[in-house]
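Listed in order, the protein sequences are those of chains Z and U.
Numbering of the first sequence is given in my numbering, commencing with residue 496 and proceeding in unit increments.
Numbering of the second sequence is given in my numbering, commencing with residue 388 and proceeding in unit increments.
Any given hint could turn out to be false.
To be verified - Straight line, CA to CA, 25 Å or less: simulated SDA-like cross-link-like pairs of lysine to any residue:
1) U/K464 x Z/P699
2) U/K480 x U/H459
3) U/K480 x Z/R676
Read the hints as simulated data drawn from the structure, not as lab findings.
Single-letter residue listing:
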Amino acid sequence: MGETGAAARPWILLSPALATVAFLLVVPVLFIIVYSFWLRTATGAELPGFHLDNWQLVFGDPFYRDILLGTLRIAAITTLFCALLGYVPAYVIAMSTTRHKTLLLLLLILPFWISYIIRTMSWINILGSSGALNTVLVGLGIVPEPVQMLYNEATVILGLVHFLLPFMVLNVYVSLDAIDRNLLDASRSLGASSLQTFREVTLPLSLPGLAAGGLLCFVLAAGTYITPLVLGGPRQAMFANLVFEAVITQLNWPLGSALSIVLLVVLGAVVMVYNRLVGLGQIARSFG
Amino acid sequence: MANSSAVQLNGIVKRFGGLTAVHRMDLDIEEGSFVTLLGPSGCGKTTTLRMIAGLLEPSEGEIVIKGRSVTHTPIHKRNLGIVFQNYALFPHKTIFDNVAFGLRYRDVPRGEIAGKVARALELVQLPDMGDRFPRQLSGGQQQRIALARAIVIEPDVLLLDEPLSALDANLREDMRVELKRIQVHLGITTIFVTHDQSEALAMSDRIVVMSKGHVEQVGAPEEVYRSPKSAFVARFLGNANLVEGRVGKSSGETVSVAVEGIGELLVPASRSRGIGEGAAASIVVRAEKLFLGAEDDTPHADALSLPGEVTAVDYQGQAARYFVEVAGRTLQALNPIEERPFRRGDRVNAVIRGRDCALVPLEDRP
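Using the sequences provided together with the hints, build the complete structure.
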């Protein structure tokens, strides 16, 4: 028994974690996979079995492909904005010599204490036809009547950037904070100016954090349905909205299942490519 | 100007808020010399180095390098080579690119860079490492690369910030010899910061002993060791016994000092710091100049021979450090071992010769 016992020990110790992952992740996903092969009849009843109808629809109809590509495009643009806008505060906090660094980081996480939906809806009060911005513009006589600013792709991206920016800032901050200050001094002593030092030393050494933040922003943006629901028009539906629509509105669980598996596989592939190129360790570091 | 000075510090002061890290420091560093800033942590030696480097701006005073005032010159325009304690090699660049870094920001033609890098790597005896990354090298190798990176740009001054302290003991002594060899070979003015007195004594042309932001003494290693200017310097370099005495008559060559319970010692006037008759002063007796003998040894003519008892032994192989109870005081003696070391409890004769001693003013008691 001795040898087999020793071999089994790690598995026994891992069993609580494995059981949790199995029941909360693997089993539900398996259910969804099974569901995707069922059929919803015209009467609304579900027909168990092995039917490929949902899959034929998802892969055959260009509607789904276009929305998937649109979703990836919006996620990519959002990620780009998060990277550009998030790098600056991350740099300022990391390089500041103040003793209140933790306070600055806490301020960054503060918005998470308010519901994501509430935060998203706050833009209606700012950009809506009777919102703050329009009231000011009309009041100053710059425009004769309120301008329609909401419900387009720009506001969807705005809402997503608003939601995802802290993820980017935190990840970039961690990689910037880990840079040995002597490297910057060494670079300067060898004749590089501050700007050249940033280009040659700081930026390359912060790329892992930028990549980790980018991955999180991209995956979270591509999987969201609330922001386009609240801030987008009918044409800004993202892929997760299709799932929402199928499951909640049409009560077509089999189709919704097939759609969500498509999204899961696409985003899973993105994560896998990232892991190949950068490694997932960096993300763990940001939350460590 | 008799000898050209490479670096001049004219009354530099550095304050951090209410704290003064460096008090009005003057220093003149001769071209081609190896000068060590020596002192315990917090003495201001690193702050001074960082001001010379341009990493800190002095609150007052002027820094002149090769006749040019650089007090407000940014670091990247000072042409200095700096070696950091933790090497600070760029982890994302190869060894070649690390060494070539400074050359790319100078007017070095592209074609000459490879040759210069190769010669620098040769000088630090790591010629075939160009393609590797820093993490693939040992600590000692990384240190050599850091040195190569600093000297390849032919800096006006080489600044070394405790470069050996991260290495283990054996490697540190090898690197010490190596560093000195390269410095002499290149004839480059070098400022070295350390808290390790043996490094300072072994490598320097001149030592600047610092304490609490003040310069305590500047001099050649032997001078600083043999005739310390203050009790602090005497204690910081080597093992010294400080015994309080009263200065008596001077005979020109020697000064007589009376020590209670011990007797009278004739200290060379050249090492008496001009302390006048009647004043209280400390006699510095180096541990290696306090000779222990068997109790029945015949007394020396020109020395005091005092009975004592060994209270502790710190055995070091070729020598031993003894703690000896003599006339109510505990003195340290560092003696080579002849046949066998003395043991705790042995009765011995402690011999002090006046000509081995020096006088320093009494320590300010805080």
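Hints versus structure:
1. U/K464 x Z/P699: Status holds; Cα separation ~24 Å.
2. U/K480 x U/H459: Violated, because 31 Å separates the two Cα atoms, which is more than 25 Å.
3. U/K480 x Z/R676: 16 Å, holds
When the structure is compared with the earlier hints, a violation turns up for hint 2 alone.
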